[in-house]
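Per mature numbering (1 follows the signal peptide of the UniProt record, and there is no 0), the sequence shown runs over residues -29 to -1, 1 to 142.
Check before you lean on any hint, since a few could be wrong.
Stated by the list, open to error - Computed Cβ-Cβ distance ranges for the label pairs, DEER-style: (1) Gly15 with Val118: 28 to 36 Å; (2) Gln112 with Gly68: 15 to 23 Å; (3) Gly68 with Arg123: 29 to 37 Å; (4) Gly133 with Ser73: 35 to 43 Å; (5) Glu105 with Met132: 23 to 31 Å; (6) Lys120 with Ser18: 31 to 39 Å.
To be verified - No farther apart than 25 Å at their CA atoms in a straight line, the calculated lysine to any residue pairs in the SDA-like style are these: (7) Lys120 with Glu16; (8) Lys120 with Val136; (9) Lys120 with Ser18; (10) Lys120 with Ala72; (11) Lys120 with Asp45; (12) Lys120 with Gly41; (13) Lys120 with Asn47; (14) Lys120 with Met132; (15) Lys120 with Arg60; (16) Lys120 with Pro140; (17) Lys120 with Arg26; (18) Lys120 with Val66; (19) Lys120 with Gly133; (20) Lys120 with Cys27; (21) Lys120 with Ala97; (22) Lys120 with Ala131; (23) Lys120 with Trp141; (24) Lys120 with Arg109; (25) Lys120 with His65.
Simulated from the structure, these hints should not be mistaken for laboratory data. Using N, Cα and C, we set each Cβ at its ideal position, and we do this for glycine too.
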Amino acid sequence: MRKKIAAAWLLRSSLLLALSAGSCVYAQAADNVAQVKPAPAPQGELSPQANYVLRCLGCHRPDGAGSPVGGIPDFNNYVASFAETERGREYLMHVPGVVGASLSNNEIAEVMNYIMQRWGGTSLRANFQPFSAEEVARLRQTDVGDVVKYRRIVVAELQAMGLPVADYPWP
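Construct all of the structure, not just a fragment, from the sequences and the given hints.
Here it is, written out as structure tokens:
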């Protein structure tokens, strides 16, 4: 009986030791990941389509349909509505994907124009004003606060103007 108790104790101790060592390795690995510096940006600018693939496609998908379950709105026939007002254009410069994209103002303008042309559909009006690098720089300087709350304000304005907007699952 003593041998069984000793064996059980040894097994339990070994297991606890292994688990704590594993958690230390995990914590150390997590620390190392946090300290990794991003690679420098490639020389020259990529095409707007390439930047969309690299920076936007993961959430908005190849077809611009987004992900209702993931809280990502559909671009198709809706996205260009946001380009109709100053606040809408401002909102687009503060969505998480744009804020974290590490693109130049010119690259952001080009990607936005690509998105508008590619997925704006019926929401893209004939008088659409393309984004410029200067406008992007100016709009990015504005503090919109909570981007989800700001989107609600923008959507209310767009709906009052009769413009289509995609469903948005965030409360």
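Now the hints, each set against the structure:
no., hint, verdict
1, Gly15 with Val118: 28 to 36 Å, "holds (30 Å)"
2, Gln112 with Gly68: 15 to 23 Å, "holds (18 Å)"
3, Gly68 with Arg123: 29 to 37 Å, "violated (19 Å)"
4, Gly133 with Ser73: 35 to 43 Å, "holds (36 Å)"
5, Glu105 with Met132: 23 to 31 Å, "holds (25 Å)"
6, Lys120 with Ser18: 31 to 39 Å, "holds (34 Å)"
7, Lys120 with Glu16, "violated (33 Å)"
8, Lys120 with Val136, "holds (15 Å)"
9, Lys120 with Ser18, "violated (32 Å)"
10, Lys120 with Ala72, "holds (21 Å)"
11, Lys120 with Asp45, "holds (18 Å)"
12, Lys120 with Gly41, "holds (18 Å)"
13, Lys120 with Asn47, "holds (22 Å)"
14, Lys120 with Met132, "holds (19 Å)"
15, Lys120 with Arg60, "holds (15 Å)"
16, Lys120 with Pro140, "holds (12 Å)"
17, Lys120 with Arg26, "holds (24 Å)"
18, Lys120 with Val66, "holds (12 Å)"
19, Lys120 with Gly133, "holds (20 Å)"
20, Lys120 with Cys27, "holds (22 Å)"
21, Lys120 with Ala97, "violated (29 Å)"
22, Lys120 with Ala131, "holds (17 Å)"
23, Lys120 with Trp141, "holds (9 Å)"
24, Lys120 with Arg109, "holds (21 Å)"
25, Lys120 with His65, "holds (12 Å)"
Checked against the numbered hints given earlier, this structure breaks hints 3, 7, 9 and 21; the rest are met.
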